[in-house]
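*Asks:* Residues in the sequence shown are numbered consecutively from 207, following the working numbering.
Hint data in this document are derived by calculation from the structure and do not stem from the laboratory.
A portion of the hints provided could be inaccurate.
[Stated by the list, open to error] Distance condition first, Cα-Cα at most 25 Å in a straight line; then the derived DSS-like pairs of lysine-lysine:
1) LYS254 to LYS230
2) LYS227 to LYS254
3) LYS242 to LYS227
4) LYS254 to LYS235
[Claimed, not checked] Restraint-style ranges between C-beta atoms, simulated for each label pair:
5) VAL211 to GLN240: 34 to 42 Å
6) SER255 to ASN214: 25 to 33 Å
7) ALA317 to MET292: 16 to 24 Å
8) ASP229 to MET318: 16 to 24 Å
9) GLY319 to LEU256: 14 to 22 Å
10) MET251 to ILE225: 32 to 40 Å
11) GLY262 to LEU315: 27 to 35 Å
12) LEU290 to ASP228: 13 to 21 Å
13) VAL224 to GLY319: 31 to 39 Å
14) SER223 to GLY260: 27 to 35 Å
15) ARG217 to SER286: 28 to 36 Å
16) GLY260 to ASP229: 30 to 38 Å
Glycine included, C-beta positions come from ideal geometry on N, C-alpha and C.
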Amino acid sequence: MAECVFCNIVRDITSDSVIYKDDKVIVIKDINPQAKVHLLIIPVMCLKSLAYIGPGQIPIMGHLFVVAEEMARREGITNSGYRLVMNQGDDAGQQIAHSHLHLIGGQPLAAMG
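All chains, please: the whole structure from these sequences, using the hints.
*Replies:* Below, the structure is given as structure tokens:
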């Protein structure tokens, strides 16, 4: 089975699309942005979906949120606000089988439920 696009980006350390990288995550700009700022925070470890998350993944899941705040600060949207979204499964719109966090902001966003 072919690896996912995110696994390929993680492996390509010279990729121009990576705007942040550490030993646990990479960050890229979404190629189909839903707002002025739309970043993807992607674990280096390929977790196909949230169904694979257990106690052993607590450090990486927490790290996603720490990096999200750092990216929001760098983008200048910490105080104005931003949205974090993680899709799980087909019904939620998960298009790539590699869990990742969307950081969306830089403009007013429609209220959700």
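*Asks:* Tell me the hint numbers this structure goes against, listed in increasing order.
*Replies:* 5, 6, 8, 10, 16
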